[in-house]
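Student: Each residue of the sequence shown is one higher than the last, beginning at 1 in this note's numbering.
Hints were generated in silico from the structure; no laboratory data involved. Please read all numbers here as calculations on a predicted model, not as lab measurements. We put the CB at the ideal spot given by N, CA and C, even for glycine. Take the hints with a grain of salt, since some may be wrong.
[Said to hold, decoys possible] Within a straight-line C-alpha distance of at most 25 Å, the following computed DMTMM-like cross-link-like pairs (lysine to aspartate or glutamate) qualify: (1) K136 to D172; (2) K161 to E38; (3) K161 to D126; (4) K161 to D172.
[Stated by the list, open to error] With beta-carbon atoms standing in for the labels, derived distance ranges: (5) E274 to D93: 44 to 54 Å; (6) D232 to A269: 44 to 54 Å; (7) P237 to E347: 44 to 54 Å.
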Amino acid sequence: MTRHAEAQQVLSDHHRVSTDPASPGHPMPLMRPDDPSEEELEIRRRFQAGQFIDMDPPEHSLYRRMLIPEFTVRRVREMRPAIQEATDLLIDDMIRAGSPTDLVDAFGFSLPSMVTCALLGVPYSDRDFFRARTRKMMDTGVGSSEEGIAAAIEVWYYLDKLITVAEREPGDDLIGRLVTARRETGELTHDALVGMVFLLLIAGHETTANMIPLGVHALLRHPDQLDALRADPEGWPLAVEELLRYHSIVDWVGFDRVATQDMEVGGQAVRAGEGFFVLGASANRDPRVFDDPDTLDIRRGARNHLAFGYGVHQCLGQNLARAELEIAYRTLFERLPTLRVLGEDDELPFNYDGVVFGTRALPVAWSL
1 MTRHAEAQQV LSDHHRVSTD PASPGHPMPL MRPDDPSEEE LEIRRRFQAG QFIDMDPPEH
61 SLYRRMLIPE FTVRRVREMR PAIQEATDLL IDDMIRAGSP TDLVDAFGFS LPSMVTCALL
121 GVPYSDRDFF RARTRKMMDT GVGSSEEGIA AAIEVWYYLD KLITVAEREP GDDLIGRLVT
181 ARRETGELTH DALVGMVFLL LIAGHETTAN MIPLGVHALL RHPDQLDALR ADPEGWPLAV
241 EELLRYHSIV DWVGFDRVAT QDMEVGGQAV RAGEGFFVLG ASANRDPRVF DDPDTLDIRR
301 GARNHLAFGY GVHQCLGQNL ARAELEIAYR TLFERLPTLR VLGEDDELPF NYDGVVFGTR
361 ALPVAWSL
(Lines of atoms letter the chains of each structure in order from A and count residues from 1; the text may use other names and numbers.)
(Lines give C-alpha, C1' and ligand atoms only; values in the text may rest on other atoms or scores of the structure.)
Protein backbone atom coordinates (compact mmCIF):
# COMPACT_ATOMS: atom_id res chain seq x y z
CA MET A 1 0.00 0.00 0.00
CA THR A 2 1.61 3.25 -1.12
CA ARG A 3 -1.25 5.75 -0.87
CA HIS A 4 -2.27 7.48 2.34
CA ALA A 5 -5.98 6.56 2.25
CA GLU A 6 -5.39 2.86 1.61
CA ALA A 7 -2.62 2.79 4.22
CA GLN A 8 -5.01 4.20 6.82
CA GLN A 9 -7.70 1.72 5.81
CA VAL A 10 -5.45 -1.32 6.16
CA LEU A 11 -3.80 -0.17 9.39
CA SER A 12 -7.10 0.67 11.09
CA ASP A 13 -9.23 -2.34 10.07
CA HIS A 14 -8.42 -4.90 12.77
CA HIS A 15 -11.70 -6.72 12.10
CA ARG A 16 -10.71 -7.87 8.59
CA VAL A 17 -6.93 -7.42 8.76
CA SER A 18 -4.47 -9.20 11.06
CA THR A 19 -1.00 -8.23 12.24
CA ASP A 20 -0.27 -11.70 13.68
CA PRO A 21 2.61 -13.35 11.74
CA ALA A 22 1.02 -16.75 12.46
CA SER A 23 -2.06 -15.81 10.42
CA PRO A 24 -2.28 -17.74 7.11
CA GLY A 25 -0.76 -15.73 4.30
CA HIS A 26 1.01 -13.20 6.51
CA PRO A 27 4.04 -11.90 4.55
CA MET A 28 6.59 -11.86 7.39
CA PRO A 29 7.21 -15.65 7.66
CA LEU A 30 8.56 -15.49 4.10
CA MET A 31 11.48 -13.45 5.44
CA ARG A 32 12.51 -15.98 8.10
CA PRO A 33 14.78 -19.05 7.80
CA ASP A 34 13.01 -22.19 6.55
CA ASP A 35 14.96 -24.54 8.83
CA PRO A 36 15.78 -22.85 12.15
CA SER A 37 17.87 -24.67 14.75
CA GLU A 38 16.42 -25.81 18.07
CA GLU A 39 18.34 -23.01 19.81
CA GLU A 40 16.94 -20.44 17.40
CA LEU A 41 13.41 -21.79 17.91
CA GLU A 42 13.76 -21.46 21.70
CA ILE A 43 15.15 -17.93 21.43
CA ARG A 44 12.39 -17.00 19.01
CA ARG A 45 9.74 -18.44 21.34
CA ARG A 46 11.01 -16.41 24.27
CA PHE A 47 11.39 -13.26 22.19
CA GLN A 48 7.88 -13.54 20.78
CA ALA A 49 6.32 -13.57 24.24
CA GLY A 50 5.04 -10.07 24.93
CA GLN A 51 5.63 -8.78 21.40
CA PHE A 52 2.24 -7.13 21.27
CA ILE A 53 3.11 -5.36 18.03
CA ASP A 54 2.40 -8.77 16.44
CA MET A 55 -0.91 -9.33 18.24
CA ASP A 56 -4.52 -8.63 17.34
CA PRO A 57 -7.24 -7.48 19.73
CA PRO A 58 -8.28 -8.54 22.31
CA GLU A 59 -4.84 -9.95 23.26
CA HIS A 60 -3.15 -6.79 21.99
CA SER A 61 -5.58 -4.66 24.00
CA LEU A 62 -4.43 -6.25 27.27
CA TYR A 63 -0.84 -5.12 26.79
CA ARG A 64 -1.76 -1.70 25.48
CA ARG A 65 -4.13 -1.09 28.39
CA MET A 66 -1.30 -1.76 30.86
CA LEU A 67 0.98 0.74 29.14
CA ILE A 68 -1.32 3.64 28.26
CA PRO A 69 -0.93 5.34 31.69
CA GLU A 70 2.86 5.47 31.19
CA PHE A 71 2.65 7.60 28.03
CA THR A 72 -0.17 10.07 28.61
CA VAL A 73 0.31 13.73 27.75
CA ARG A 74 0.44 14.49 31.48
CA ARG A 75 3.09 11.84 32.19
CA VAL A 76 5.24 13.06 29.29
CA ARG A 77 4.86 16.66 30.48
CA GLU A 78 6.21 15.55 33.85
CA MET A 79 9.22 14.00 32.08
CA ARG A 80 10.16 17.13 30.12
CA PRO A 81 12.47 18.59 32.82
CA ALA A 82 14.43 15.33 32.93
CA ILE A 83 14.67 15.28 29.12
CA GLN A 84 15.87 18.88 29.15
CA GLU A 85 18.48 18.07 31.81
CA ALA A 86 19.79 15.09 29.84
CA THR A 87 19.92 17.20 26.67
CA ASP A 88 21.92 19.95 28.37
CA LEU A 89 24.31 17.46 29.94
CA LEU A 90 25.09 15.90 26.57
CA ILE A 91 25.63 19.29 24.93
CA ASP A 92 27.88 20.26 27.86
CA ASP A 93 29.91 17.12 27.15
CA MET A 94 30.10 17.99 23.44
CA ILE A 95 31.33 21.51 24.20
CA ARG A 96 33.84 20.19 26.74
CA ALA A 97 35.21 17.63 24.27
CA GLY A 98 35.37 20.26 21.55
CA SER A 99 34.56 20.55 17.86
CA PRO A 100 34.29 18.54 15.64
CA THR A 101 32.32 15.49 16.75
CA ASP A 102 30.01 12.76 15.51
CA LEU A 103 26.52 13.92 16.40
CA VAL A 104 25.11 10.39 16.18
CA ASP A 105 27.47 9.04 18.81
CA ALA A 106 27.72 12.12 21.04
CA PHE A 107 24.07 13.12 21.03
CA GLY A 108 21.67 11.30 18.72
CA PHE A 109 21.93 7.83 20.27
CA SER A 110 22.87 9.01 23.75
CA LEU A 111 19.79 11.13 24.52
CA PRO A 112 17.06 8.52 23.89
CA SER A 113 19.22 5.92 25.62
CA MET A 114 19.37 8.11 28.75
CA VAL A 115 15.64 8.82 28.63
CA THR A 116 14.68 5.19 28.01
CA CYS A 117 16.96 3.91 30.77
CA ALA A 118 15.48 6.43 33.23
CA LEU A 119 11.96 5.44 32.16
CA LEU A 120 12.60 1.71 32.57
CA GLY A 121 14.63 2.00 35.76
CA VAL A 122 17.96 0.79 34.34
CA PRO A 123 20.76 1.53 36.86
CA TYR A 124 23.04 4.36 35.76
CA SER A 125 26.08 2.06 35.96
CA ASP A 126 24.57 -0.19 33.27
CA ARG A 127 23.74 2.51 30.74
CA ASP A 128 26.93 2.17 28.69
CA PHE A 129 26.21 -1.56 28.26
CA PHE A 130 22.62 -0.77 27.32
CA ARG A 131 23.57 1.95 24.87
CA ALA A 132 26.24 -0.13 23.10
CA ARG A 133 23.92 -3.11 22.56
CA THR A 134 21.05 -0.93 21.44
CA ARG A 135 23.32 0.79 18.93
CA LYS A 136 24.42 -2.58 17.57
CA MET A 137 20.81 -3.74 17.20
CA MET A 138 19.82 -0.58 15.37
CA ASP A 139 22.86 -0.52 13.07
CA THR A 140 22.67 -4.15 11.97
CA GLY A 141 19.04 -5.10 12.49
CA VAL A 142 17.66 -6.93 15.50
CA GLY A 143 17.08 -10.15 13.60
CA SER A 144 18.89 -9.68 10.31
CA SER A 145 22.54 -10.29 11.26
CA GLU A 146 24.50 -12.41 13.71
CA GLU A 147 25.75 -9.27 15.48
CA GLY A 148 22.24 -7.85 15.79
CA ILE A 149 20.86 -11.15 17.09
CA ALA A 150 23.71 -11.50 19.61
CA ALA A 151 23.14 -7.96 20.90
CA ALA A 152 19.39 -8.56 21.15
CA ILE A 153 19.94 -11.77 23.14
CA GLU A 154 22.25 -9.95 25.56
CA VAL A 155 19.67 -7.22 26.10
CA TRP A 156 16.85 -9.74 26.51
CA TYR A 157 18.70 -11.63 29.24
CA TYR A 158 19.70 -8.36 30.91
CA LEU A 159 16.04 -7.31 31.05
CA ASP A 160 15.14 -10.79 32.28
CA LYS A 161 17.45 -10.29 35.28
CA LEU A 162 16.30 -6.69 35.83
CA ILE A 163 12.66 -7.76 35.95
CA THR A 164 13.48 -10.71 38.22
CA VAL A 165 15.00 -8.23 40.70
CA ALA A 166 11.97 -5.93 40.33
CA GLU A 167 9.64 -8.83 41.05
CA ARG A 168 11.23 -9.09 44.50
CA GLU A 169 11.27 -5.34 45.14
CA PRO A 170 9.41 -3.17 42.57
CA GLY A 171 10.77 0.35 42.11
CA ASP A 172 9.00 3.57 41.17
CA ASP A 173 9.62 3.20 37.44
CA LEU A 174 7.89 1.65 34.45
CA ILE A 175 9.20 -1.86 35.10
CA GLY A 176 8.25 -1.65 38.76
CA ARG A 177 4.73 -0.53 37.93
CA LEU A 178 4.31 -3.27 35.32
CA VAL A 179 5.53 -5.89 37.79
CA THR A 180 3.02 -4.63 40.35
CA ALA A 181 0.20 -4.68 37.78
CA ARG A 182 1.14 -8.22 36.74
CA ARG A 183 1.14 -9.34 40.37
CA GLU A 184 -2.32 -7.85 40.91
CA THR A 185 -3.93 -9.21 37.74
CA GLY A 186 -1.93 -12.38 37.06
CA GLU A 187 -2.53 -11.80 33.35
CA LEU A 188 1.06 -11.98 32.04
CA THR A 189 3.86 -14.51 32.28
CA HIS A 190 7.37 -13.45 33.25
CA ASP A 191 8.59 -13.96 29.67
CA ALA A 192 5.70 -11.89 28.32
CA LEU A 193 6.68 -9.03 30.62
CA VAL A 194 10.31 -9.24 29.50
CA GLY A 195 9.21 -9.29 25.85
CA MET A 196 6.95 -6.30 26.35
CA VAL A 197 9.75 -4.26 27.94
CA PHE A 198 12.16 -5.37 25.19
CA LEU A 199 9.72 -4.10 22.58
CA LEU A 200 9.37 -0.80 24.44
CA LEU A 201 13.14 -0.44 24.43
CA ILE A 202 13.43 -0.96 20.68
CA ALA A 203 10.39 1.10 19.75
CA GLY A 204 11.23 3.81 22.27
CA HIS A 205 14.77 4.20 21.06
CA GLU A 206 14.90 3.70 17.32
CA THR A 207 12.69 6.54 16.07
CA THR A 208 14.22 9.21 18.27
CA ALA A 209 17.81 8.02 17.96
CA ASN A 210 17.66 8.15 14.17
CA MET A 211 15.43 11.19 13.85
CA ILE A 212 17.68 13.46 15.93
CA PRO A 213 20.65 13.42 13.50
CA LEU A 214 18.42 13.21 10.42
CA GLY A 215 16.37 16.21 11.55
CA VAL A 216 19.48 18.22 12.37
CA HIS A 217 20.91 17.38 8.95
CA ALA A 218 17.66 18.33 7.19
CA LEU A 219 17.44 21.70 8.92
CA LEU A 220 21.10 22.53 8.29
CA ARG A 221 20.56 21.71 4.62
CA HIS A 222 17.45 23.96 4.60
CA PRO A 223 18.75 27.10 6.34
CA ASP A 224 15.62 29.10 5.50
CA GLN A 225 13.55 26.65 7.54
CA LEU A 226 16.00 26.81 10.44
CA ASP A 227 16.04 30.62 10.33
CA ALA A 228 12.24 30.63 10.55
CA LEU A 229 12.41 28.48 13.69
CA ARG A 230 15.04 30.71 15.24
CA ALA A 231 12.78 33.68 14.61
CA ASP A 232 9.73 31.86 16.00
CA PRO A 233 10.64 29.08 18.47
CA GLU A 234 6.94 28.39 19.00
CA GLY A 235 7.08 26.64 15.62
CA TRP A 236 9.13 23.69 16.88
CA PRO A 237 6.18 21.33 17.52
CA LEU A 238 4.97 21.71 13.92
CA ALA A 239 8.54 21.36 12.66
CA VAL A 240 8.87 18.03 14.46
CA GLU A 241 5.74 16.73 12.71
CA GLU A 242 7.05 17.80 9.32
CA LEU A 243 10.46 16.22 9.93
CA LEU A 244 8.76 12.96 10.93
CA ARG A 245 6.70 13.06 7.72
CA TYR A 246 9.63 14.09 5.55
CA HIS A 247 11.92 11.27 6.66
CA SER A 248 9.39 8.52 7.54
CA ILE A 249 12.25 6.43 8.85
CA VAL A 250 10.07 3.40 9.72
CA ASP A 251 8.91 2.52 6.23
CA TRP A 252 7.28 -0.90 6.58
CA VAL A 253 8.55 -2.49 9.81
CA GLY A 254 5.43 -3.09 11.88
CA PHE A 255 3.25 -2.20 8.88
CA ASP A 256 2.84 -5.76 7.58
CA ARG A 257 -0.66 -7.23 7.59
CA VAL A 258 -2.80 -9.98 6.08
CA ALA A 259 -6.47 -9.98 5.12
CA THR A 260 -8.56 -12.39 7.19
CA GLN A 261 -11.67 -11.81 5.06
CA ASP A 262 -12.32 -10.89 1.46
CA MET A 263 -12.32 -7.11 1.20
CA GLU A 264 -11.75 -4.18 -1.13
CA VAL A 265 -8.85 -1.75 -0.78
CA GLY A 266 -8.50 1.21 -3.11
CA GLY A 267 -10.97 -0.30 -5.55
CA GLN A 268 -9.03 -3.57 -5.72
CA ALA A 269 -10.39 -6.91 -4.51
CA VAL A 270 -8.25 -8.53 -1.84
CA ARG A 271 -8.87 -12.15 -0.87
CA ALA A 272 -8.52 -13.60 2.61
CA GLY A 273 -4.95 -14.83 3.08
CA GLU A 274 -3.36 -12.15 0.87
CA GLY A 275 -0.72 -10.03 2.59
CA PHE A 276 -0.03 -6.31 2.69
CA PHE A 277 3.06 -4.19 3.15
CA VAL A 278 2.09 -0.62 3.99
CA LEU A 279 4.88 1.68 2.80
CA GLY A 280 4.83 4.57 5.25
CA ALA A 281 7.38 6.67 3.37
CA SER A 282 5.23 6.60 0.23
CA ALA A 283 2.01 7.31 2.13
CA ASN A 284 3.64 10.28 3.83
CA ARG A 285 4.53 11.76 0.45
CA ASP A 286 1.13 11.18 -1.13
CA PRO A 287 0.36 14.37 -3.14
CA ARG A 288 -3.36 13.78 -2.57
CA VAL A 289 -2.76 14.61 1.09
CA PHE A 290 0.43 16.70 1.18
CA ASP A 291 0.99 19.53 -1.29
CA ASP A 292 4.48 19.50 -2.82
CA PRO A 293 5.30 16.45 -0.67
CA ASP A 294 9.02 16.27 -1.49
CA THR A 295 9.60 19.73 -0.05
CA LEU A 296 10.44 20.26 3.63
CA ASP A 297 7.96 22.83 4.93
CA ILE A 298 7.98 23.30 8.70
CA ARG A 299 4.75 25.32 8.55
CA ARG A 300 2.86 22.53 6.81
CA GLY A 301 1.05 21.18 9.87
CA ALA A 302 1.60 17.52 8.99
CA ARG A 303 0.11 15.80 12.03
CA ASN A 304 -1.83 13.41 9.76
CA HIS A 305 1.41 11.67 8.80
CA LEU A 306 1.78 7.94 9.46
CA ALA A 307 5.28 7.99 10.97
CA PHE A 308 3.86 6.53 14.19
CA GLY A 309 1.48 4.17 12.43
CA TYR A 310 -2.29 4.33 12.58
CA GLY A 311 -5.16 2.51 14.26
CA VAL A 312 -4.93 0.29 17.34
CA HIS A 313 -1.21 -0.30 16.79
CA GLN A 314 -0.30 3.38 16.60
CA CYS A 315 2.88 4.02 18.59
CA LEU A 316 2.18 4.30 22.32
CA GLY A 317 5.28 6.40 22.93
CA GLN A 318 4.65 9.02 20.27
CA ASN A 319 4.11 11.82 22.81
CA LEU A 320 7.44 11.00 24.44
CA ALA A 321 9.21 10.88 21.07
CA ARG A 322 7.77 14.26 20.12
CA ALA A 323 8.94 15.78 23.39
CA GLU A 324 12.46 14.37 23.01
CA LEU A 325 12.77 15.60 19.43
CA GLU A 326 11.42 19.06 20.15
CA ILE A 327 13.71 19.57 23.16
CA ALA A 328 16.74 18.08 21.37
CA TYR A 329 16.42 20.20 18.22
CA ARG A 330 15.55 23.45 19.96
CA THR A 331 18.27 23.19 22.60
CA LEU A 332 20.97 22.07 20.19
CA PHE A 333 20.42 24.98 17.80
CA GLU A 334 20.04 27.49 20.64
CA ARG A 335 23.28 26.47 22.35
CA LEU A 336 25.29 25.77 19.18
CA PRO A 337 24.01 28.37 16.70
CA THR A 338 27.03 27.89 14.40
CA LEU A 339 26.52 24.14 14.08
CA ARG A 340 27.30 22.82 10.60
CA VAL A 341 27.65 19.47 8.82
CA LEU A 342 31.13 18.50 7.67
CA GLY A 343 31.45 17.00 4.22
CA GLU A 344 29.01 16.33 1.42
CA ASP A 345 25.83 14.29 1.67
CA ASP A 346 27.14 11.56 -0.63
CA GLU A 347 29.91 10.96 1.91
CA LEU A 348 27.53 10.31 4.81
CA PRO A 349 27.06 6.64 5.85
CA PHE A 350 23.29 6.45 5.55
CA ASN A 351 21.93 3.18 6.92
CA TYR A 352 19.56 1.50 4.49
CA ASP A 353 19.93 -1.98 6.01
CA GLY A 354 18.92 -1.52 9.65
CA VAL A 355 15.56 -1.72 11.34
CA VAL A 356 14.93 1.91 10.44
CA PHE A 357 16.50 4.44 8.11
CA GLY A 358 19.16 6.69 9.58
CA THR A 359 22.81 7.60 9.35
CA ARG A 360 25.57 5.77 11.19
CA ALA A 361 27.50 9.01 11.65
CA LEU A 362 26.96 12.75 11.21
CA PRO A 363 30.22 14.71 11.51
CA VAL A 364 29.51 18.25 12.71
CA ALA A 365 31.50 21.27 13.82
CA TRP A 366 30.79 24.58 15.53
CA SER A 367 32.53 27.63 16.93
CA LEU A 368 31.81 29.36 20.23
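Student: Check whether the Cα positions of K136 and D172 lie no farther apart than 25 Å.
Tutor: It is violated: about 29 Å lies between the C-alpha atoms, which goes past 25 Å.
Student: Hey, K161 versus E38, does the alpha-carbon distance stay inside 25 Å?
Tutor: holds, 23 Å
Student: Holds or violated: K161 and D172, Cα atoms, limit 25 Å.
Tutor: holds, 17 Å
Student: So does E274 sit 44 to 54 Å from D93, Cβ to Cβ?
Tutor: Cβ of E274 to Cβ of D93: about 51 Å, so the range 44 to 54 Å holds.
Student: Hint check: K161 vs D126, CA-CA at most 25 Å. Holds or violated?
Tutor: holds, 13 Å
Student: Using the beta carbons of P237 and E347, state whether their distance is inside 44 to 54 Å or not.
Tutor: violated, 32 Å
Student: If you check the beta carbons of D232 and A269, does the distance land in 44 to 54 Å?
Tutor: Holds - the Cβ-Cβ distance for D232 and A269, about 49 Å, lies within 44 to 54 Å.
Of the hints listed earlier, those the structure fails to meet are numbers 1, 7, in rising order.
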